[in-house]
Amino acid sequence: MLRIKGILFIIFSLVSVSLFAQDIQSFDVNGLKVIFKQNAANDIISVNMYFKGGVTNLNEKQAGLEFLTLDVALKASKNYPKDKLNADLERMNSQLSSSSNADYSSVNLLCVKQNLDESWKIFEDVILNPSFTEEDLNLERDKQISAVKQVNDNPDALLQKAVNNEFYEDHPYAIDVNGTEATLSSFKSGDLKAYHSGMLETSRMLLVVVGNTTRGELESLVKEAFGGVPKGSYVSNMPPEVETSEPSLKVINRELPTNYIQGTYSAPERGTDDGYTMLIANSILRDRLWEEVRTKRSLSYAPSAFYRSSFSNYGAIYVTAVNPDTTVKVMINEVKKMKDEPISDKELQNKIRQFLTFYYLGNETNQSQANSLAFYELAGIGYDQEAEFISHVNKVTSADIQKAAQKYMKNLQFVLIGNPESLEVSSFMY
Amino acid sequence: MTKILKIFLLIALISLCAASMYAQKYGISKKTLDNGLDVIVINNPAVPLVTVEIDVKNGAYTESPEYDGLSHLYEHMFFKANSKIPTQEAYMERLRELGATFNGTTSEERVNYFITAPIDSLEQCVQFMYDAVTSPLFLEDELVNERPVVTGEYDRNEANPYFHLNREVNQRVWWKYYSRKNVIGDREVILSTTPEKMKTIQHRFYIPNNSALILSGDITPETGFALAEKIFSKWERGPNPFDEYKVPDHPPIPKNEIVVVQKPVNAVTMQYEWQGPSVGKDPKSTYAADVLSFILGQQTSKFQKNLVESGLAFGVGFSYYTLNHTGPINLFAQTSTEKFDACQKAIFEELDKMTDPNYFTDEQLENAKTILATNEQYSRERASQFVHTVGFWWAVAGLDYYMNYIDNLKNVTREDIKNYLETYVVNKNHVLGVLVSPDQAEKVELILNIKKGEIKDAKN
Numbered sequence: 001m002l003r004i005k006g007i008l009f010i011i012f013s014l015v016s017v018s019l020f021a022q023d024i025q026s027f028d029v030n031g032l033k034v035i036f037k038q039n040a041a042n043d044i045i046s047v048n049m050y051f052k053g054g055v056t057n058l059n060e061k062q063a064g065l066e067f068l069t070l071d072v073a074l075k076a077s078k079n080y081p082k083d084k085l086n087a088d089l090e091r092m093n094s095q096l097s098s099s100s101n102a103d104y105s106s107v108n109l110l111c112v113k114q115n116l117d118e119s120w121k122i123f124e125d126v127i128l129n130p131s132f133t134e135e136d137l138n139l140e141r142d143k144q145i146s147a148v149k150q151v152n153d154n155p156d157a158l159l160q161k162a163v164n165n166e167f168y169e170d171h172p173y174a175i176d177v178n179g180t181e182a183t184l185s186s187f188k189s190g191d192l193k194a195y196h197s198g199m200l201e202t203s204r205m206l207l208v209v210v211g212n213t214t215r216g217e218l219e220s221l222v223k224e225a226f227g228g229v230p231k232g233s234y235v236s237n238m239p240p241e242v243e244t245s246e247p248s249l250k251v252i253n254r255e256l257p258t259n260y261i262q263g264t265y266s267a268p269e270r271g272t273d274d275g276y277t278m279l280i281a282n283s284i285l286r287d288r289l290w291e292e293v294r295t296k297r298s299l300s301y302a303p304s305a306f307y308r309s310s311f312s313n314y315g316a317i318y319v320t321a322v323n324p325d326t327t328v329k330v331m332i333n334e335v336k337k338m339k340d341e342p343i344s345d346k347e348l349q350n351k352i353r354q355f356l357t358f359y360y361l362g363n364e365t366n367q368s369q370a371n372s373l374a375f376y377e378l379a380g381i382g383y384d385q386e387a388e389f390i391s392h393v394n395k396v397t398s399a400d401i402q403k404a405a406q407k408y409m410k411n412l413q414f415v416l417i418g419n420p421e422s423l424e425v426s427s428f429m430y
Numbered sequence: 431m432t433k434i435l436k437i438f439l440l441i442a443l444i445s446l447c448a449a450s451m452y453a454q455k456y457g458i459s460k461k462t463l464d465n466g467l468d469v470i471v472i473n474n475p476a477v478p479l480v481t482v483e484i485d486v487k488n489g490a491y492t493e494s495p496e497y498d499g500l501s502h503l504y505e506h507m508f509f510k511a512n513s514k515i516p517t518q519e520a521y522m523e524r525l526r527e528l529g530a531t532f533n534g535t536t537s538e539e540r541v542n543y544f545i546t547a548p549i550d551s552l553e554q555c556v557q558f559m560y561d562a563v564t565s566p567l568f569l570e571d572e573l574v575n576e577r578p579v580v581t582g583e584y585d586r587n588e589a590n591p592y593f594h595l596n597r598e599v600n601q602r603v604w605w606k607y608y609s610r611k612n613v614i615g616d617r618e619v620i621l622s623t624t625p626e627k628m629k630t631i632q633h634r635f636y637i638p639n640n641s642a643l644i645l646s647g648d649i650t651p652e653t654g655f656a657l658a659e660k661i662f663s664k665w666e667r668g669p670n671p672f673d674e675y676k677v678p679d680h681p682p683i684p685k686n687e688i689v690v691v692q693k694p695v696n697a698v699t700m701q702y703e704w705q706g707p708s709v710g711k712d713p714k715s716t717y718a719a720d721v722l723s724f725i726l727g728q729q730t731s732k733f734q735k736n737l738v739e740s741g742l743a744f745g746v747g748f749s750y751y752t753l754n755h756t757g758p759i760n761l762f763a764q765t766s767t768e769k770f771d772a773c774q775k776a777i778f779e780e781l782d783k784m785t786d787p788n789y790f791t792d793e794q795l796e797n798a799k800t801i802l803a804t805n806e807q808y809s810r811e812r813a814s815q816f817v818h819t820v821g822f823w824w825a826v827a828g829l830d831y832y833m834n835y836i837d838n839l840k841n842v843t844r845e846d847i848k849n850y851l852e853t854y855v856v857n858k859n860h861v862l863g864v865l866v867s868p869d870q871a872e873k874v875e876l877i878l879n880i881k882k883g884e885i886k887d888a889k890n
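From first to last, the protein sequence lines stand for chains V and F. Under the numbering used here, the letters of the first sequence match residues 1 to 430, in that order. Under the numbering used here, the letters of the second sequence match residues 431 to 890, in that order.
Derived from the structure by calculation, the hints contain no laboratory data. One thing to keep in mind: the hints can contain errors.
Claimed, not checked - Taking beta-carbon pairs under 8 Å as the criterion, some of the chain V residues facing chain F (in silico):
#1 Leu-139
#2 Tyr-168
#3 Ser-304
#4 Leu-348
#5 Gln-354
Ideal Cβ positions, reconstructed from N, Cα and C, are used throughout, including at glycine.
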């Protein structure tokens, strides 16, 4: 009886996923790849222009340049001086924003259907004709320098920055996409203009639109706006995987009420068989850490395990605890169990079922669907594979998980921020 | 017409009639069961999931000092043994079988619990929530185990410098009944609590006529109401907790105060706080408050131009948080030590000008209403999150307030905004908290004309 239920569930999952994926289309305008997913269920439209490369486009002195370029670009443009741009966006409540991560940047527009044409003109103009005034640069620079400094005020943000610095030493990701006080202070408006000019090649760009419009309408908007942008010959440089040969621990002393701890290990690329396996493995490990560290032993409020979503990845165990030695020993013991003991069929099937929920939760909004499609495409997995997520996850076996844990969950690179009364370094050496 | 087609049309007509009995805007439908439980169904079939949420009118506002933080501890205990599930481990196992994600939150005037799962787990999820809310066991060992987990959450809060700023300000704004605004609570109360206290909270507040069941996602009102009736109708009604355990009114702030909070931070943050309207007593001011906040948030506003575009502040915001037992009005600004003096003076200049007829344009007034309405539209896209919004409004202001919110915003006039400001902000006592690093505190204290470590009455 249970078996029949399981089969029915899998059929249900596959039917649901394929229905969900039916309206995704792709076309090309002068070298600009456009991915379009029609969603007539609501009137919201998400329009996103991605720029490839992220920190692989930058040298150390340019840290933060792509972020600041897009940030300032959105303040004013040739046909939309600052007050007009703000007034028009506020009148429609069309939301224009930019973001940058280690792998790519984007300019994002969120608007309702009736305001698409008018909002699109602003979107187009800030991408193609930003003003880059000295006044806007100085204001945004001051804000960004303050934000960069304030990373030190928040222990979680500081931990992630320290982990990045330690784990990605001598790697392109060592360049901070948000910049440093020194690099941000050095940029002139001419630097932003020159960098922006280099970004405008359709081979370096990707447009993803999800929402209630038609392909015909979108194609016409794209041709008119970006048909004249040079194609260029941009080729993405994928960052290499990190190799670690031995475990390590770095302690950053801070007067804090608890200790913030993360142990990080090299993990496979997303979209590969090992990548799907690692997603399941990490989720199972997270549940087990919750149970062993929080529920049974009350050692922490926030034990976790996760698998970073970038082109060069790591997996990690994370915790905040007043007793680091005891807590980390319990956590490492759970990592060992992942390697030594096969996952039961029941635990695996329950977890796969939970992934269906995660998948749909990640696809509730047009904006989140666009971001997901873009990640798959820019990572080289292919946007069409996004809809195959559940079928890939369904293939993961208990043996795959054990093998992946053995292959990847080793040489943990720990960072601890806090002031523990005592520290047994050997507890962290795994 | 074929017989099959006739039957099909008849079924469709019956469904249409049944649905229209409850049809409301935004895909929201509501029904109250005989035991007083409000059942709300939010139909959004975008993805094949359902979120099952229970909202309870509980939280800090119900807490006298000896219960300070126990609504929150209770929320943690919800995810543990009950009469159907013997241990927390079994509880988690059951959630995984359902393919569910889960969480709960506690705030000033609402506690909520929610699980999201594939739609084919709907009935099991509703049954699961029924068992959890009606029959918790509060096992002594589970309670003892959970205390350090909650204090671990407390430790994380205390590691955040803004937590200290907020606490110092709130202790002065809500000076007489601080426990009724202090969600995280008091460490000692948390560490010494007993299963009896948990049972007291359960019997007082966890009754159907003080709760709502909200089903959001790929679900029709008919299905949701039928399921709620089947599973939740046997939950026994109790006496209205607020008849016996009245929530006292917060007395006004007796004097203006400044408090300087020293933590190792890299910017100077100012938090001005006033006591604002209670939605039950003065709903009109709550609409005016929201419209004003969204006027002042516009980049074209004088508020943003004079404070942020001028370079005096990195960012500034003016907001009102809707509550039924006095909501706070906050003005946050962040600047550097060098610009602190000019920035704090400029803030008072802006406050002085806010009631001038020319302080904002007609266009900005209309924009604010558009922004609020469109933000609601954006938020409805995400069924698993929108359910929390609906639950919040149900608990704090009543569902009707939310259903008529956009219409009432449209009616807000300049006069309403002026009245709101004159009633709650202009020349009204407030508390100013300043968060600054220890090495810069002296400069800030000098500017504010206060001696080291002293808390000072402020000029308005």
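Checked hints:
no.: 1; hint: Leu-139; result: holds, 6 Å
no.: 2; hint: Tyr-168; result: violated, 24 Å
no.: 3; hint: Ser-304; result: violated, 13 Å
no.: 4; hint: Leu-348; result: violated, 11 Å
no.: 5; hint: Gln-354; result: holds, 5 Å
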